[in-house]
Every structure is written in C-alpha cells, then in structure tokens.
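A.B. asks: Once you've looked at the hints, dock chain S against the given chain V.
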Amino acid sequence: MKFRPFRVSVLLLSLLIPAALVAVVFFLVAYSGQAILFNGLHFMTQISWNLGDLYSDPVTVSGISVPPGANYGILVFIAGTLASSGLAILIAVPLSVGAAIFLAEAVPHRIRPALSMLVELVAVVPSVVFGLWGITVLIPLIGRYLSPSGNGYGLLAASVVLALMITPIIASTLYDALLQVPKENRESAFALGATHFEVVAKAMLPMVRTTLIGGIVLALGRALGETMAVLMVSGGGINILPTSLFSPISTIASFIVSQLDSAESDPTNMSVRTLSEIALVLFLITLAVNATAKLLSSGALNVRKRQS
Amino acid sequence: MKILNNLLRSGVAALAIATAAGAAHAQTSVPLVESGSSLLYPLFNLWVPSYTATHPGADITTTSTGSGAGIAQSIKGLVQIGASDAYLSDAMVKAHPEMLSIPLAISSQAVNYNLPGVTNLKLSGPILAGIYEGKITKWNDPAIAAANPGVALPDHVIIPIHRVDGSGDTFIFSQYLAFSDAGWASTLHYGTTVSWPAVSTAIGANGNSGMVTAAAANPYSIAYIGVSFADQAAKAGLGQAALLDKHGEYVLPTAETIGNAASSVAASTPADERISIVFTPGENAYPIVNYEYAIVSSHQPAPAIGSAIRDFLGWALNDGNNMSFMSKVHFLPLPAAVKALSQAQVDKIQ
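Order-wise, the sequence lines are chains V and S.
Residue numbers for the first sequence follow the numbering used here, so the first one is 1 and each next one is one higher.
Residue numbers for the second sequence follow the numbering used here, so the first one is 1001 and each next one is one higher.
One should not assume that every hint holds.
Unchecked claim - Quick list of simulated restraints, FRET-style, between CB atoms: (1) V:Val61 with S:Asp1090: 13 to 21 Å; (2) V:Leu82 with S:Ala1337: 52 to 60 Å; (3) S:Ser1186 with V:Thr243: 24 to 32 Å; (4) S:Ser1186 with V:Leu21: 39 to 47 Å; (5) V:Leu241 with S:Gly1057: 51 to 59 Å; (6) S:Ala1337 with V:Ala20: 40 to 48 Å; (7) S:Ser1186 with V:Pro94: 45 to 53 Å; (8) S:Pro1154 with V:Ala20: 34 to 42 Å; (9) V:Leu75 with S:Thr1137: 22 to 30 Å; (10) V:Ala194 with S:Thr1137: 57 to 65 Å; (11) V:Ile111 with S:Pro1056: 53 to 61 Å; (12) S:Ser1186 with V:Leu82: 33 to 41 Å; (13) V:Leu118 with S:Gly1057: 34 to 42 Å; (14) V:Thr243 with S:Asn1120: 33 to 41 Å.
Stated by the list, open to error - Far from chain V by the CB rule (all over 10 Å, computed), these chain S residues: (15) Thr1061; (16) Asp1165; (17) Ser1195; (18) Asn1218; (19) Ser1327; (20) Gln1350.
To be verified - With the C-beta cut set under 8 Å, the calculated list includes, among others, these residues of chain V facing chain S: (21) Gln46; (22) Asp53; (23) Glu120; (24) Ile139; (25) Tyr145; (26) Pro148; (27) Ser149; (28) Asn151; (29) Gly152; (30) Leu245; (31) Ser247; (32) Pro248; (33) Ile256; (34) Gln259; (35) Ala263.
Keep in mind the hints are simulated off the structure, nothing from the lab.
Since this is a predicted model, take the numbers as computed values, not measurements.
C-beta: ideal position from N, C-alpha, C; glycine also.
The shape of chain V in the complex, shown without the other chains (with noise of 0.2 Å):
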C-alpha cells in the first residue's frame, strides 16, 4: 500500500483526543486505587467528609498508612451537586424556551439578528464573572427577600446562577431548530386558522423536542462541571444534608477545587488520592450526561435532516 503522509498525519491528529480521554481515565483510576481500596463502598453513601489531622503521624488502616480521624463521604457532594443542576435545569427551561420562541417568532427581523447575538455571547461570559454577580447582587437579595435566616448563600444561589449560566445554551440551541422547522409546517396550521400559540405549541415544539432535550442535556453537563461560580455562592456544606432552598451545599468539582490545597500537604497522599476518586466520580455523572446528549442529539439530527 501506497504511504500516504497526509492521511496518516491525520489520523494520529485524530487518535489524540480519544488517546487524551483514555490516558484521562487511567490516570484516575490508577492515582485513586489506593482511596478506591481504602474508602469502598460507603464512600457514596456517607455524610461526614473528614481530611483527618493532617498534622499528627499518620495511622495504618488495613495496610493503608492514612492522617489520624480520615473518614471520606461524598454523599453531600453528590446531591448538592444533583439538587444545584436539577434546579438549574428547571429554572432555566421555561426561560430558554420562551427566549427561543420570542426570538424566532415575536422578534422584529431587523433586530432579530442582534438579539440572538447577545443571547450567545451570555453563554461566553466566564463563571466566574456570574460568581461575582451572584455575591454582589444575588445573595444580597435573597437574603433581604427570601431566606428565613437572612442569609443569602446556599442551594436557590447556586441554582440560580447556574441557571444563568446555561440558558443560552438551551436558548440557541432551540432557537436554530425553531428556525429549521419547514415553512410548510407553519403555514399549512395557520390555514388551519391555528392561532399563533396553538402554531408555535402544537406544529413547531414537538419537530423540536429531541433537540430541546439534546440542549438540556448539553446544559446539564455544564451545569454538573461548573466550579468557580459555585464555589462563590453555595456557601460551602459540608457534613451537612441540604434541607432547604437555602440550605448550604458543596457540588463536587467546586469541593475539589475547595480541598485540594490542604489535601497536598497531607504526608500520606490519601487525601489526594481520595479527590482523583471524586474526580471519577464527577467524571462518571458527566459522561453519562454527555453519553445521553449524542444519543439524543443524533435522534434530534434525524428531524433535521427529514425537514430538509
């Protein structure tokens, strides 16, 4: 066979990132072995989350040498991260839906374009200037407003501010199919005498749905990932179960990001190691999440391609 240097460039170029992902994953299985031994099971399962005293000559646990009182629980984690996202998702649907439809709809053409921009460029602004917003404007206000105890950090904060941040992945990505569907479609339902919400609620959302639901899941991901703003405004639980909106949480990455300084001057590691096993974690949620989007998406893909 012919040596074809353009076609093998590429197709190292193209093994790179699968390559990356894999090499990933086996980084963080084989850093966080020893923790995966050590914290077992009930390590899902667990409230209380303990770095132990890092300042005293670590034990031995099982063969395990680990700091004096280190006890791993990551269930606090896992729901304040699945309570902030789910809350995100329902705060931000009906606004990006809504947003979508006006833009594709209700929107003069002439500003139609201008609109749309800037709803896209909300999706491009870093986190951590929602985190700022959040502390200088958010918090004050649900506090003055709304928490019972006058504070303003907590889960309805973090929601909020996430779902900020994802509404403009979910609005144009709806926006883009919403102008997909056929004229066709809605123009034979006005002729129908549909009026225009019955046009835009019974012939164009159900040609959307799949990538309405692909937009979710994509927005999911990101929400589930986010660490600085959170980190900003969750007010940091810890060993504590969420009871209410105003509840303070930890989410997994911005927990991370949180104990990874004091985690490194542990002598054992254990705690390191601990932290690579939520990394995997949060690894195993999001690839489930993005696992979900393509099967969606390539469904959503499928409309598309009939409507052409």
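C.D. replies: Relative to chain V, chain S alone:
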C-alpha cells in the same frame, strides 16, 4: 507518580542548570519562582521590586496559589520558594528531611463580627468552639453573656462563617480553638481545612475577600479574617472581637499585643523554627498570631540556585524585615532572636 516526580524534578534541574550556564555568559542571574500563601503574596510583591532594584540580574517570579500548593511544589522542586502560613508537619519533615520551614514575618488574624448595636465584644476559644460546633446558637447565650457583662446581646441566631478553601487562616483559627478547648482538640484538631460540624446556619466563603463580603452581607454573623484584610473588614463595618489569652485577659489585636505574643515565643523557638505562636502564655499577648514561612529545600539542584535563594532570603530577613514593608500588609518584623535562627536556616541552603 514517583517516576513522574523524578522526571519533573530532573527536568527542572536540567533547565535550571542550563539557564544558569546560559546566564553565566550574559549575566549572573538564576530565575527563582515563589509560589504559595495568598497572605504572603502581597509582601513578596513589595519585596521583589525593591530587591531587583538594588540587585541587578535578580529574577524572581511570585505567584499566589495557596499554602498547600506552595509546600507541595517546593518539595517537588517545581518552585524554589514555597510560601506557607503553616509550618511543615512532623510527618512531612520525616518524609522530606531536606525541607526547611523558615519564618520571614509575623502575621495575625482578627475574629470579626457583624452585630448591630454592639461595638465591643469579648470572646474566648471555648465560646468560638461552641459557636462553630453548633452548641452555642444564639448571641444571648449565657456563655457569651458571661464574657460580656453589661452588653445588650440580641436574641438572634449566630451565623458562623468559615473558609471553604484550604487556608492558613483556618489553620491558626483552629489552633486557637484546639489549644484552648479540649473538646475541639480531641475531635476536630487543627489544619488548613477543618471538617466543619453540621451547623445549618453556617456559611462557607471563598478567600479572605469572600469572608469580608459574607460577613458584611449577613448581620449577626461571625468570621475569622487575616490581618491583611483588616482595612477591608473595618470599611465593611465589622467589629473586632477581643479574645481571651492564656493569661486570662481579653486582648484586641494591636501591634503591641501581637508583638507581645511573638516575643513570648522568641526564646523558646527551636532551631527548625516549627512552632505555633497561637495562644501563648505571655502577658497581654494576642492569641491568634503566626510566623509566615518560606518552605525551601536545603539541597538545591545547582549551587547557583542555592546562592540565589540565600541572597534573596537573607535580604528579606534584614533589609526586607522593616516596618516600611511590613506595615503596608499589617505584618510585624521578626524578633531579633528569631531572625538569627532564620538566618542560620537560610545558610543551610546549598
């Protein structure tokens, strides 16, 4: 991981030697990198420009990454100077006997409160431990009232604020609680991160600036805030609590009381200088005071690197250790006896 570390280390060493050799032709400069404590970072940023102005050819980069990262990177040889608010633990020193903990300055911490109508509040270690453990939940708790006779304490839930990120401030605050409250010492110990007990009103805030913002936004809250942020805390209208020292007096953080704490430990500071200045027995001594450390390896990969570190840290301990630098970040210079010990440690760097 070990192989990776070694690779990194030898790579850094080779790079350093190469740049050192290259620099020998052009100029006798070795690039140094400082990384770590965000509390020490402003001081290094004052030091480095003055040092390079008087020492042409010196090349020092400063980064603020956190004490734990500073320690870890210095041990791995990725940076030459790790900055830390906490000294190395015994276990760390056992694992890495070449690592030195060298005090460069004296820092302290205030316990701030946002308590409408109250301007002079006295608190003790056991009271603070009770608040952060969730055993003392109201401001008019008998324990707080007993420490503050004549003060009208509100019947309101306390909002305790702690750091979510690993922090030297959490280290010295939890040391104060551990040294003065046996219950805290046996369960929660001390460290740059604490397994904060479940208190439903508690807030975790990110960084000292986050602590100031959270305390200002939440009336009836209490927070521990590093002295570098004293101006911001005062501007936000937060009060400073007088804390019970080991001598049995309530002491406010002032240059005098912080200096008293530092000098009370100066004579008993061991040669490796790993000692706490928290809750010292001195008279009129503020209880939450600490040394700010440079974490440096005594075995540098090349002699030129060792001498560059010695020159800079030696300068920091002498010319750099005066009030013109320190007062800007609210630190205090080291007592003379401690300065001599630090200099002796600096001289060990090869």
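A.B. asks: Each of the hints needs a verdict: does it hold here or not?
C.D. replies: Hint-by-hint comparison with the structure:
1. V:Val61 with S:Asp1090: 13 to 21 Å: holds, 19 Å
2. V:Leu82 with S:Ala1337: 52 to 60 Å: With a Cβ separation near 56 Å, Leu82 (chain V) and Ala1337 (chain S) satisfy 52 to 60 Å, so the hint holds.
3. S:Ser1186 with V:Thr243: 24 to 32 Å: Since the Cβ atoms of Ser1186 (chain S) and Thr243 (chain V) sit about 28 Å apart, the hinted range of 24 to 32 Å holds.
4. S:Ser1186 with V:Leu21: 39 to 47 Å: Holds, since Ser1186 (chain S) and Leu21 (chain V) (Cβ atoms, about 46 Å apart) stay within the stated range.
5. V:Leu241 with S:Gly1057: 51 to 59 Å: With a Cβ separation near 58 Å, Leu241 (chain V) and Gly1057 (chain S) satisfy 51 to 59 Å, so the hint holds.
6. S:Ala1337 with V:Ala20: 40 to 48 Å: violated, 54 Å
7. S:Ser1186 with V:Pro94: 45 to 53 Å: Given about 51 Å between the Cβ atoms, the range holds.
8. S:Pro1154 with V:Ala20: 34 to 42 Å: 56 Å Cβ-Cβ, so the 34 to 42 Å window is violated.
9. V:Leu75 with S:Thr1137: 22 to 30 Å: holds, 25 Å
10. V:Ala194 with S:Thr1137: 57 to 65 Å: holds, 60 Å
11. V:Ile111 with S:Pro1056: 53 to 61 Å: Holds, since Ile111 (chain V) and Pro1056 (chain S) (Cβ atoms, about 59 Å apart) stay within the stated range.
12. S:Ser1186 with V:Leu82: 33 to 41 Å: holds, 35 Å
13. V:Leu118 with S:Gly1057: 34 to 42 Å: violated, 52 Å
14. V:Thr243 with S:Asn1120: 33 to 41 Å: holds, 36 Å
15. Thr1061: Given that every Cβ of chain V is farther than 10 Å from that of Thr1061 (chain S), nearest at about 20 Å, it holds.
16. Asp1165: Given that some Cβ of chain V is not farther than 10 Å from that of Asp1165 (chain S), nearest at about 5 Å, it is violated.
17. Ser1195: violated, 4 Å
18. Asn1218: Violated: least Cβ distance 6 Å, not greater than 10 Å.
19. Ser1327: The assertion about Ser1327 (chain S) holds, with a minimum of 28 Å to chain V.
20. Gln1350: holds, 24 Å
21. Gln46: violated, 12 Å
22. Asp53: Nearest chain S Cβ about 4 Å off; hint holds.
23. Glu120: violated, 29 Å
24. Ile139: holds, 6 Å
25. Tyr145: Nearest chain S Cβ about 13 Å off; hint violated.
26. Pro148: violated, 10 Å
27. Ser149: With Cβ-Cβ at 6 Å, under 8 Å, it holds.
28. Asn151: It holds, given that the least Cβ distance between Asn151 (chain V) and chain S is near 6 Å, below 8 Å.
29. Gly152: holds, 7 Å
30. Leu245: violated, 13 Å
31. Ser247: OK, holds: Ser247 (chain V) within 8 Å of chain S, min 7 Å.
32. Pro248: This hint holds: Pro248 (chain V) lies near chain S, its Cβ roughly 6 Å from the closest one there, short of 8 Å.
33. Ile256: violated, 11 Å
34. Gln259: Holds: closest Cβ of chain S sits about 6 Å from Gln259 (chain V), inside 8 Å.
35. Ala263: Constraint on Ala263 (chain V) satisfied, holds at 7 Å.
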